[in-house]
Amino acid sequence: MSTPASLADPEIARTEPTVAQLFSGFLFLGLIGFGGVLPLARTMVVEQRHWMSGKEFTDLLGLCQFLPGGNIINMSVAIGLKFRGPLGALAALLGLIAAPTAIVIGLGILYDHYQDDPHIRHLFAGLAAAAAGLLVAMAVKIALPLRRKPAGIAIALLCFLAIAILRLPLLATMLVLAPISVLASWKLDKGENTP
Amino acid sequence: MSSVLIALALIFTQLSLLAFGGGNTILPEMQRQVVEIHHWMTAQQFGAMFALAQAAPGPNMMIVPLVGWHVASWPGVLVTTLAKFGPSSLLTGIAMQLWERFKDRPWRRIVQAGLVPMTVGLVTASAAVITQASAHEWILAAIVAVCTIAALTTRLHPLLVLAFGALVGLSGVGQI
Numbered sequence: 001m002s003t004p005a006s007l008a009d010p011e012i013a014r015t016e017p018t019v020a021q022l023f024s025g026f027l028f029l030g031l032i033g034f035g036g037v038l039p040l041a042r043t044m045v046v047e048q049r050h051w052m053s054g055k056e057f058t059d060l061l062g063l064c065q066f067l068p069g070g071n072i073i074n075m076s077v078a079i080g081l082k083f084r085g086p087l088g089a090l091a092a093l094l095g096l097i098a099a100p101t102a103i104v105i106g107l108g109i110l111y112d113h114y115q116d117d118p119h120i121r122h123l124f125a126g127l128a129a130a131a132a133g134l135l136v137a138m139a140v141k142i143a144l145p146l147r148r149k150p151a152g153i154a155i156a157l158l159c160f161l162a163i164a165i166l167r168l169p170l171l172a173t174m175l176v177l178a179p180i181s182v183l184a185s186w187k188l189d190k191g192e193n194t195p
Numbered sequence: 001m002s003s004v005l006i007a008l009a010l011i012f013t014q015l016s017l018l019a020f021g022g023g024n025t026i027l028p029e030m031q032r033q034v035v036e037i038h039h040w041m042t043a044q045q046f047g048a049m050f051a052l053a054q055a056a057p058g059p060n061m062m063i064v065p066l067v068g069w070h071v072a073s074w075p076g077v078l079v080t081t082l083a084k085f086g087p088s089s090l091l092t093g094i095a096m097q098l099w100e101r102f103k104d105r106p107w108r109r110i111v112q113a114g115l116v117p118m119t120v121g122l123v124t125a126s127a128a129v130i131t132q133a134s135a136h137e138w139i140l141a142a143i144v145a146v147c148t149i150a151a152l153t154t155r156l157h158p159l160l161v162l163a164f165g166a167l168v169g170l171s172g173v174g175q176i
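Protein chains in written order, with UniProt numbering: chain Y, 1 to 195; chain B, 1 to 176.
I should point out that these hints are in silico values taken from the structure, not numbers from a laboratory. A portion of the hints provided could be inaccurate.
[Stated by the list, open to error] As a list, the in silico BS3-like pairs of lysine-lysine whose alpha-carbon atoms are at most 30 Å apart:
(1) B:103 to Y:82
(2) B:103 to Y:190
(3) B:103 to Y:141
Being a predicted model, the structure only gives us computed values, none of them experimental.
Please work from the sequences and hints to get the whole structure.
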């Protein structure tokens with residue numbers, strides 16, 4: 001929640017992070033983010049530490065969503081770069097992935113050591129099924145907005161067929177389908193703009 | 001060992017540059033490379049690693065260092081992490097210099113809208129591939145279904161959903 005003071009004096013309200021603050025801020029995000037780090041990132045960057053305004057954050061997010069790579073990974077790099085150059089970008093990225101990497105490798109070591117135990121094997125099988133369920137739910141959520149767009153549905157189905165059924169390479173699939181999809185998007189955009 | 005590290009670097013560099021729409025879009029390609037082409041692990045092991053990555057905090061691409069760890073220990077972790085996060089980060093840095101110029105251009109919005117169906121297709125494919133690897137017993141298929149419905153109809157914390165699946169699994173009901 002922005003105060004009137006920060007609206008009146010945006011320059012005074014802005015706080016520029018140091019390299020160490022970038023690292024520790026994103027380290028914190030890496031440790032507490034489950035399922036979605038992005039909302040927490042906005043809370044930290046805009047509302048708690050006042051590194052940038054909400055509009056600046058949204059603007060930068062638009063870029064990061066446009067590029068390949070995870071949104072929050074790209075955001076950490078972009079925010080670090082914006083304030084402290086390449087060193088800031090490196091600090092933010094390392095901060096974000098350091099703790100999760102350590103945790104996930106710890107879990108991986110446990111898995112490797114105990115996967116032959118029937119109880120552990122059953123536990124991991126159940127865990128994997130639950131994770132698959134979460135992924136199915138995510139797929140449903142992002143597919144729903146497409147349900148009234150036949151061209152989008154066709155592209156999505158072709159993509160699904162290529163990747164999930166035919167197991168074609170992702171690079172080839174994207175090179176073929178992405179231009180078609182963008183062209184369809186452009187045609188639709190022209191159609192909507194024509195009186 | 002060095003040929004394995006080179007293979008890991010090439011795979012994850014490509015995945016880094018193809019991950020439009022977020023990390024979940026590249027899971028089928030990762031699985032195809034790691035399981036079907038290079039045979040570094042089974043489909044079920046890949047599914048388990050995906051689950052472990054989901055159970056860890058942080059960005060949703062933490063399966064990357066985990067795969068690296070499993071395939072080639074610490075050198076694998078370093079190579080996969082650098083390969084996956086390096087190129088896309090460089091691209092972010094380059095793009096930031098140009099962002100002011102093209103952020104309001106109509107074509108950016110059209111390209112972004114055009115990539116949405118691709119993302120839907122890819123994430124749906126990910127869900128299919130991971131579910132196929134994970135639901136090899138009826139009880140596991142039931143867990144997938146229950147967790148899907150729970151995630152869609154409630155606001156349960158993902159960790160609670162994962163814990164439910166793990167506990168049902170641990171009971172051993174319906175599993176060999």
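Restraint check for residue 103 (chain B) with residue 141 (chain Y), where alpha carbons must lie at most 30 Å apart: With a Cα-Cα distance of about 27 Å, the restraint between residue 103 (chain B) and residue 141 (chain Y) holds, given a limit of 30 Å.
Given pair status - residue 82 (chain Y), residue 103 (chain B), alpha carbons within 30 Å: holds, 16 Å
Proposed proximity, residue 190 (chain Y) with residue 103 (chain B) (alpha carbon, max 30 Å): holds, 19 Å
In the structure shown, no violation is registered for any of the earlier numbered hints.
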